[in-house]
Amino acid sequence: MQKAELLAPAGSFEKLKTALYYGADAVYLGGKNFSLRSFADNFSEEELRAAVGYAHARGKKVYVAANIFAREGDFPALADHFAFLREIGADAALVTDAGVFSVAKKAAPGLPLHISTQANTTNRYAAKFWQEQGAERVVLARELSLAEIASIHAFCPDLELEAFVHGAMCISYSGRCLLSNYLDGRDSNRGACVQACRWSYRLCARDEGGEYPIEEDARGTYILNSKDLNMLSHLDALRGAGVCSFKIEGRMKSACYLATVVNAYRRVMDGELTAEQGQEELRKVAHRAFTTAYAFGQNDDTVNLTDSQEAGTRRYAADVLEGGDVPLVQMRGRFRVGDKLEILSPGESFGKVFAVEEMRDEEGEFVTDAKLVMQKLRLRCPYPLAAGDILRLIP
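At position 381 of the sequence shown the residue is numbered 380 (numbering that gives the first Met the number 0), and the sequence of numbers has no breaks.
Keep in mind that the hints were calculated from the coordinates and are not lab data.
Fair warning: there could be bad hints in the mix.
[As the list claims (entries may be wrong)] With a cut-off of at most 25 Å between alpha-carbon atoms, the simulated DSS-like pairs for lysine-lysine come out as follows:
#1 Lys127 with Lys104
#2 Lys375 with Lys339
#3 Lys60 with Lys2
#4 Lys31 with Lys2
#5 Lys339 with Lys370
#6 Lys2 with Lys59
#7 Lys59 with Lys104
#8 Lys351 with Lys370
#9 Lys16 with Lys351
[Stated by the list, open to error] Computed spacing ranges between beta-carbons, pair by pair:
#10 Gly332 with Gly98: 44 to 52 Å
#11 Ser253 with Glu131: 47 to 55 Å
#12 Tyr124 with Gln329: 49 to 57 Å
Even glycine gets a Cβ: it sits at the ideal position worked out from N, Cα and C.
Could you build all of it, start to finish, from the sequences and the hints given here?
As structure tokens, then:
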């Protein structure tokens, strides 16, 4: 059985570089329009061209999301967008809307099309329909069990199946939600979701005499807040069910989060870490309580009622800009001489810990407290570092 693809989010060009550096086989991203993450930095046309070139030079792939639910006025620009994606050599476009799919086929024949999870493909007949229309891949709905995925694969053995394996879950059915529209006027189905499901709500009863609070604790009431998906311990089962691409959620997440998660999945997939060791890595960045969602059938324990999320066991301290005997780093979180830092790297220094003994600023002056935001510093490290590595503070 062919090895599964590890697919990572890229909310910006720097995050694309991070995802590929830490072992992603492919990235998915959005242009400035038509993507369901309009609050991410996203990519201009020039950046899209550069992103495809950068990935292809490293043997990696780029999938471009154009997965909004389109309105009448969107189509002229959409046709031009798909023609441009074909011209720059994008490896696929992600679409949801049947009308958008039709326009993409006409405007950019030969451009591979993937069906977004927003299309709610939950059964073998829907998957077969999209395959017959010319789709090369379907990103499955997150509500499916492993048994259901296996059934779809058996019915459509030549159709590529992609599934989310990690990250934020939506409280609504495969992301089709009107809560953001109702409470804030931002259309979640056109990329502007305000994530109202993550808010703390106050419960109260009301009658003619006014409102009467319902008792709650100091943490508030998170009645709509889903847990985070985590399938790291079940990748073999997913592959056995027919999933060919493992997708990580998180175009809005930090580079440190992205590096940590991609690194953990890459090393578990390659046999360099056990699933248990990989889970320990995943707990080092901020996350909500984990769930396997509906992979093993009906699950009533998918809502995170206690809090929006919990801090990880490590803190983002610095990005490595240059390697060498005295590496150059850029401060991303406060740390001091004497603190212990842990190396996050796709290389052999991964997991190594050292104490900060000496730091100097760009003028060569000694620094004992790295507290200036984005300050560049030279520090000594007993292990080899490379540009792209990350240093994490052990609290």
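For each hint, the structure was consulted:
{"no.": "1", "hint": "Lys127 with Lys104", "result": "holds, 17 Å"}
{"no.": "2", "hint": "Lys375 with Lys339", "result": "holds, 18 Å"}
{"no.": "3", "hint": "Lys60 with Lys2", "result": "holds, 15 Å"}
{"no.": "4", "hint": "Lys31 with Lys2", "result": "violated, 33 Å"}
{"no.": "5", "hint": "Lys339 with Lys370", "result": "holds, 16 Å"}
{"no.": "6", "hint": "Lys2 with Lys59", "result": "holds, 15 Å"}
{"no.": "7", "hint": "Lys59 with Lys104", "result": "holds, 24 Å"}
{"no.": "8", "hint": "Lys351 with Lys370", "result": "holds, 23 Å"}
{"no.": "9", "hint": "Lys16 with Lys351", "result": "holds, 23 Å"}
{"no.": "10", "hint": "Gly332 with Gly98: 44 to 52 Å", "result": "holds, 46 Å"}
{"no.": "11", "hint": "Ser253 with Glu131: 47 to 55 Å", "result": "violated, 41 Å"}
{"no.": "12", "hint": "Tyr124 with Gln329: 49 to 57 Å", "result": "holds, 52 Å"}
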